[in-house]
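Participant: Sequence:
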Amino acid sequence: MKEPKARFVLAEATLAEVNKQLRLNMLVMVAVVFVLFMNIMKFMAEKSVLYAVLAVIMICLLFFIQKARGILILRKQELTHK
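Under full-length UniProt numbering, the letters of the sequence shown match residues 1 to 82, in that order.
Treat the hints loosely; a few may be bogus.
Straight-line Cα separation of at most 20 Å, EDC-like style, residue types lysine to aspartate or glutamate; simulated pairs [claimed, not checked]: (1) 67 x 78; (2) 76 x 12; (3) 67 x 17; (4) 5 x 17; (5) 20 x 78; (6) 76 x 17.
Keep in mind that the hints were calculated from the coordinates and are not lab data.
Sequences are here, hints too, so could you generate the full structure?
Facilitator: Written as structure tokens, this is what we have:
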């Protein structure tokens, strides 16, 4: 029987794991920015409330992604200065 894969725990993460999470974070951020841009373009064309709400949700997601990235960068700095 397979062992379940361990979840990412920031307090126990190595430098390689933090770097991997930072790369993944950047990929997600680029995808969210792309979707946000597309939603804004659709909203400008159609003036639909749905696209306005989606744009606001994407902006909130970007805020939380940026906060998570800041925490990961702080952890990376802690690991490199030890």
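Participant: Each hint needs a verdict: does it hold in this structure or not?
Facilitator: Comparing the hints with the structure gives:
1. 67 x 78: 17 Å, holds
2. 76 x 12: Cα-Cα ~12 Å, so holds.
3. 67 x 17: Measuring from Cα to Cα gives roughly 18 Å; hence the hint holds.
4. 5 x 17: 14 Å, holds
5. 20 x 78: 16 Å, holds
6. 76 x 17: OK: residue 76 and residue 17 at ~10 Å, within 20 Å.
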